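As given, the protein sequences belong to chains R and F, one line each in that order.
By numbering that gives the first Met the number 0, the letter at position 57 of the first sequence is numbered 56, and the numbering carries on one by one without gaps.
By numbering that gives the first Met the number 0, the letter at position 159 of the second sequence is numbered 158, and the numbering carries on one by one without gaps.
Calculated directly from the structure, the hints in this document are not laboratory data.
Mixed in with the good hints there might be a few duds.
Stated by the list, open to error - For lysine to any residue, the following SDA-like pairs were computed, each having C-alpha atoms within a straight-line distance of at most 25 Å: (1) F/K59 - R/S61; (2) F/K147 - F/K59; (3) F/K29 - R/S61; (4) R/K206 - F/K59; (5) F/K147 - F/W25; (6) F/K87 - R/S61; (7) F/K59 - R/D179.
To be verified - Covered by chain F, according to a simulated footprint, are these stretches of chain R (three or more residues, beta-carbon under 8 Å): (8) 55-67; (9) 75-81.
Note that the structure is a prediction, hence the values are computed from the model and not measured.
Don't be surprised by glycine CBs; every beta carbon is placed ideally from N, CA and C.
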Amino acid sequence: MMYIENIFICISIPLLLSLIFIQGEARKYTLFVCIGMGICVLSAYVSSFFMNYYGVDTIEASIEITPVCEEVMKLFPLLFYILIFEPQRDQIPRVAIAISVGFATFENVCYLTENGAADFDLLLIRGISTGALHILCGIFIGFGLAYIFRQRAIAITGMVGLLGACGVFHAIFNLLISADGIWRWMGYLFPSGMIIVLVSVWHLMVKLNHMK
Amino acid sequence: MNFEIIDNIFQVIVFSLIVVADIVCWFLHKNRLYIILALAHSCFMMGTLYFVLYLVIRGKVPQFFYVSEISWIASYLFLHSYQIVGYKGQRMKISVIPLICGIGVAIISIWSGIFGPAILSTGVFTLAAGAIVYISVFQILYGDAPYKSSICILLCIILQVSLYISSSFFHDYTRFNLYFCIDIVLTISMAMLLPCTFMEVGKDDVH
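Can you build the whole structure from these sequences, using the hints too?
Structure (structure tokens):
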């Protein structure tokens with residue numbers, strides 16, 4: 000039995016207390032990291048509900064149910080922020096990434112609690128791969144929403160589309176790491192690889208734009 | 000080798016290449032249509048990739064929660080967004096023939112039980128397919144702009160619905176049959192959207 004609510008309270012209270020004393024962007028970032036952690040707790044409940052509803056085992060659930068639940072849950076606070084506070088477009092990706100960071104951090108904390116912290120290699124790989132995956136999904140949904148909310152007519156179709164894309168991307172990762180051998184290694188490496196490709200392409204585009 | 004795997008690998012390769020081409024076109028033309036098209040193609044590719052990986056790694060098709068379907072529906076939602084962005088500024092009104100076609104496709108989608116007991120997925124696909132068919136038929140019949148992409152999108156929807164219907168009649172996916180024929184034509188039709196867009200969008204036409 001893992002008491003994730005207790006872990007959440009223990010980790011989030013110092014962060015929430017710090018909000019009293021910090022201002023500006025740092026405050027917003029810390030708040031959304033905490034929200035990301037809270038969303039991780041809630042999505043664990045939702046995934047468990049569906050797992051019991053369909054009567055599937057943990058591996059099957061992590062491949063077919065959890066990715067979709069997690070991506071849907073992560074979207075809610077971001078959507079709330081966009082619709083209620085109507086932020087500037089450049090603020091949206093930052094918030095999406097902060098939520099993802101909180102989510103990935105708390106997921107890793109739960110993993111540590113369940114499996115211990117003795118195996119350094121495994122924890123390093125897990126930190127890099129799942130961290131990169133959640134951040135990649137955050138980048139994708141953050142920039143995507145910032146892009147589609149420019150034109151209200153495509154807001155709903157675009158948003159559901161982005162959610163579907165993130166869900167299947169996450170599911171492919173979970174599917175790969177659930178396998179053995181080369182598939183598992185591909186799963187561990189491809190989110191980090193994609194971040195490197197993304198950053199390289201971004202720099203290349205900026206360079207080419209300057210040359211024009 | 001199982002023909003289902005060959006067909007899906009073909010689809011993944013074609014869509015991967017098309018996504019790269021979409022991104023290159025977007026970079027060269029700075030037109031939002033290309034990036035939406037890239038999203039539509041990449042969603043289709045990821046849905047198929049998930050399916051084929053599941054088949055290869057676990058040796059069976061997904062049983063409980065069909066993640067691939069969500070990705071394919073997302074692809075059609077992006078196609079709908081493509082239409083909205085592409086035909087922005089053109090007047091749309093209620094017309095009988097497009098309406099009949101749209102409702103017809105929606106009814107067929109519901110009647111054929113495309114996603115089985117998954118009511119939400121069926122509902123979203125039905126709405127998206129109906130709306131896409133309506134706009135496409137409207138553009139073909141009454142639109143001022145070129146309509147090659149509309150024909151392509153309409154063909155994709157018809158083929159997708161036909162694919163779902165044909166899956167009820169074929170149960171052996173190890174050999175080539177009509178199901179795979181439709182799937183390959185669907186892949187090519189989806190890929191053809193890029194050249195159609197390229198022909199329709201001018202270099203200075205920035206959305």
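Quick rundown of the hints versus the structure:
Restraint check: the Cα-Cα separation between F/K59 and R/S61 comes to about 16 Å, which is no more than 25 Å; the hinted pair holds. For the hint pairing F/K147 with F/K59, the CA-to-CA distance comes to about 39 Å; that exceeds 25 Å, so the pair is violated. Proposed proximity of F/K29 and R/S61 is contradicted: the alpha carbons are some 38 Å apart, above 25 Å. Taken as a hint, the R/K206 and F/K59 pair is broken in the structure, with Cα atoms around 46 Å apart against an allowance of 25 Å.
A distance of roughly 19 Å separates the Cα atoms of F/K147 and F/W25; the hinted pair therefore holds under the 25 Å criterion. Between the alpha carbons of F/K87 and R/S61 the distance comes to roughly 41 Å, so the proposed pair goes past 25 Å and is violated. Annotation: proposed proximity of F/K59 to R/D179 holds, straight-line Cα distance about 16 Å (limit 25 Å). Counting residues of the segment 55-67 of chain R whose CB falls under 8 Å from any CB of chain F gives 7; the rule of at least 3 is met.
Here's how the segment 75-81 of chain R fares: 0 of its residues keep a CB closer than 8 Å to some CB of chain F, so the rule of at least three is not met and the hint is violated.
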